[in-house]
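Please model the entire structure based on the sequences and the hints provided.
Below, each chain spelled out in residue letters.
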Amino acid sequence: MSVVVERSPVPSWLSDRITNRHLVAIGVGWVTFFFVFPVLFLVVESINFGDGHPLQAYQRAMGGVYLAAFVRSFLYGIVTTLVTLALAYALAYYLVFSSKRVRLLLTLVVVPLWIAYIIRYFGVLLFFSPTGPLAQSFGIETDLLFTTTAVIIGLANAYLPFAVLPIYNSLNAIHHETINASRTLGAGQLRTIYSVVLPLSMPGVVAAGVIVFILSAGSFLGPDILGGSGQSMIANEIARAFLEAFNIQLASALAVIYTILLIGFIAIFNAVFDLQEALGNL
Amino acid sequence: MEGSNMVTRRSALATLGAGSVVSLAGCMGGMNGGGGTLRFLGFGGNTQEAQERIFDAWAEEEDVEIEGDSAGGTVEMISQIQQNTGEYDIVALNDTGMAQGQDEGVLEPIDLDEVPNYTDNIRDDAQELDFLLDDGETIGLIRENGATGYAYNTELVDEELTSWEEIKDPQYEGQVALLDRAVDRFSNCAAAIDVDINEAAEDEDLFEEVIEEAEEQNENAFSYWSDGDTSIQYLRQENAHICEAWGGRVIALQEDGHEHIEYVLPEEGTMAWTDTLSIVQETENRDLIHDLLNFTYERDNILQMSDDMNYTVQVEDPPEEMTELPDYAPIDELSFNDWSRILPVQDEWSERFQEVQQS
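Chains as they are written, first to last, in numbering that gives the first Met the number 0: chain A, 0 to 281; chain B, 0 to 358.
Simulated from the structure, these hints should not be mistaken for laboratory data. One or more hints might be untrue.
Per the computed footprint, the stretches of chain A lying under chain B, defined by three or more beta-carbons under 8 Å from a beta-carbon of chain B, are [claimed, not checked]:
hint, region
1, 62-75
2, 128-141
3, 224-236
4, 243-257
Residues from chain B that keep clear of chain A, each with C-beta distances beyond 10 Å, as calculated [to be verified]:
hint, residue
5, 36
6, 47
7, 63
8, 289
Just so you know, even glycine gets a beta-carbon here, dropped at the ideal spot from N, CA and C.
Given below as structure tokens:
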């Protein structure tokens, strides 16, 4: 027992005072203060304590433009996740198995994370604008902006690094001997990718999928800057309910419903892919 | 119902404000509204800069410090005031904000006897607008006002545009950007079909006519903007050939080398808006603020602000430069929203507006 303590990188005066329970308490406390309490507060705010039905804000939030915004948010989230995973997988595969400048390319993947989202979305807006470089330098004018496609491009561009890194990590952990064994046993390159590389990299794909989906489905800036009047997502509707209509009850109800839907979605995802195992293997 | 909404609204504003406290604490470095310091809260942008230039001139004379702060919208401003009691002394709100601020009880009456320059230099009828008064007491001083017309790019639009009707022409499909604020948008649509928006707030049939007009104008819209910067960005980047806009912003764009952007006050009319100056409740600097307001409304100072902002100030005997502004109009030619009728339906209108946008 004492040997373990001596080998620990943590100074003994610290490890003597901090137990595993303390570490768990930090995590639980963090989630409680910054997730559970705010959501509980929203639940209280969303209930009508005056005249009328207590859940009238929920009744309103489950119909009309708000229902459409929920559906749109999840659809955009799914499409963005699929597009991003495809791009990220190809890029990560290249980094692991073909590139000789891995560090440089990985740095280039990470660098956009240092730039604020709003600037990256404006970058896409400027790039495709009639006065932007695409039109001015190459004479290519597109009708992409203020459409669903523009929003998906913007979201995929913003969240690509979040997908590349876990997939890269997963692919990088695959022993080359495993791949060589597959080839030696007669599998072609595609068969090896399909039967060996892809299954072994699933933890990274699952982790990337969860992260990108959560971020993209709840995006505010993407649809706000790159979308048109028909691309409003649920975050935009929550902001509108609060900042324009001054209706805190409705904004809170929308936020609570979205949180429940998101947790439900992740629970389903967990049932299908076993997130604990996938993320644990990452 | 009304009462319950009020409780909910206030407590939720408290939530937003709590966040603001943290950021303010960082920005202010422990500054407060007492002593020789006044804190001013505005919308930012060129109107705030113009206002602060006048404030600074007074501050230098009086050896008082004025700290300026800005917020993104009226809800944010009101929540900042509520959560920082005594921190702010003076606030610039628009007419919507005045109605909401009055509703939330964050504004203090102004003693007009202490602001003689205001009563002497500003037109009497401009001083008596509904949203400036609370139970007969003045709670806001009108500053600049304007109208929301539209601008168009004369290099991309072949004809001269003069009306709301013309922007519905199918040739402009996907080239029009409109304002993303339900009340303002519906107000302009009402003006386009010669309907009084205040009456439409209480008449379902009239309101449906307004909705129909909004849907027709929506046919050509590719996007809606919610802040003035975005409207100018759409025009500058040529995303929009036609864009609903504020006159002062368009003049600034023209002065920035975009003379081909033309501003139009549609012949059918538009709804007017105003910005005001108010005293924040529980300030400890009432006397200083009255001095400051009196200085601000010296004729030379308000004319200077008008010139800097490119908007009208409802001054007696306006100079020619002001009457030549594109959205200049004396107060008796302008119509304003009646917030006592519109505030109760604002929430419903917001949802209908969303339906229009997605129609």
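At 10 Å, judged by beta carbons, does residue 63 of chain B keep clear of chain A as stated? Residue 63 of chain B is indeed farther than 10 Å from all Cβ atoms of chain A, at 33 Å.
Verdict on chain B covering the region 62-75 of chain A, criterion of 3 CB contacts below 8 Å: Coverage by chain B holds for the region 62-75 of chain A (3 residues, Cβ < 8 Å).
Holds or violated: the region 224-236 of chain A covered by chain B, criterion of 3 or more residues with Cβ-Cβ distance under 8 Å? With 6 residues closer than 8 Å to chain B, the region 224-236 of chain A meets the three-residue bar; holds.
Whether residue 289 of chain B stays farther than 10 Å from all C-beta atoms of chain A, as the label says: holds, 30 Å
With a cut-off of 8 Å between beta carbons, are at least three residues of the region 243-257 of chain A near chain B? n = 9 at 8 Å, threshold three: holds.
Using C-beta distances, would you say chain B covers the region 128-141 of chain A, given that this needs three or more residues below 8 Å? Three-residue rule met by the region 128-141 of chain A, so holds; n is 4.
Is the nearest Cβ of chain A still more than 10 Å from the Cβ of residue 36 of chain B? holds, 30 Å
Please check whether the beta-carbon of residue 47 of chain B is more than 10 Å away from every beta-carbon in chain A. Given a closest Cβ separation of 19 Å, the condition holds.
Violated hints: none; the structure is consistent with every hint.
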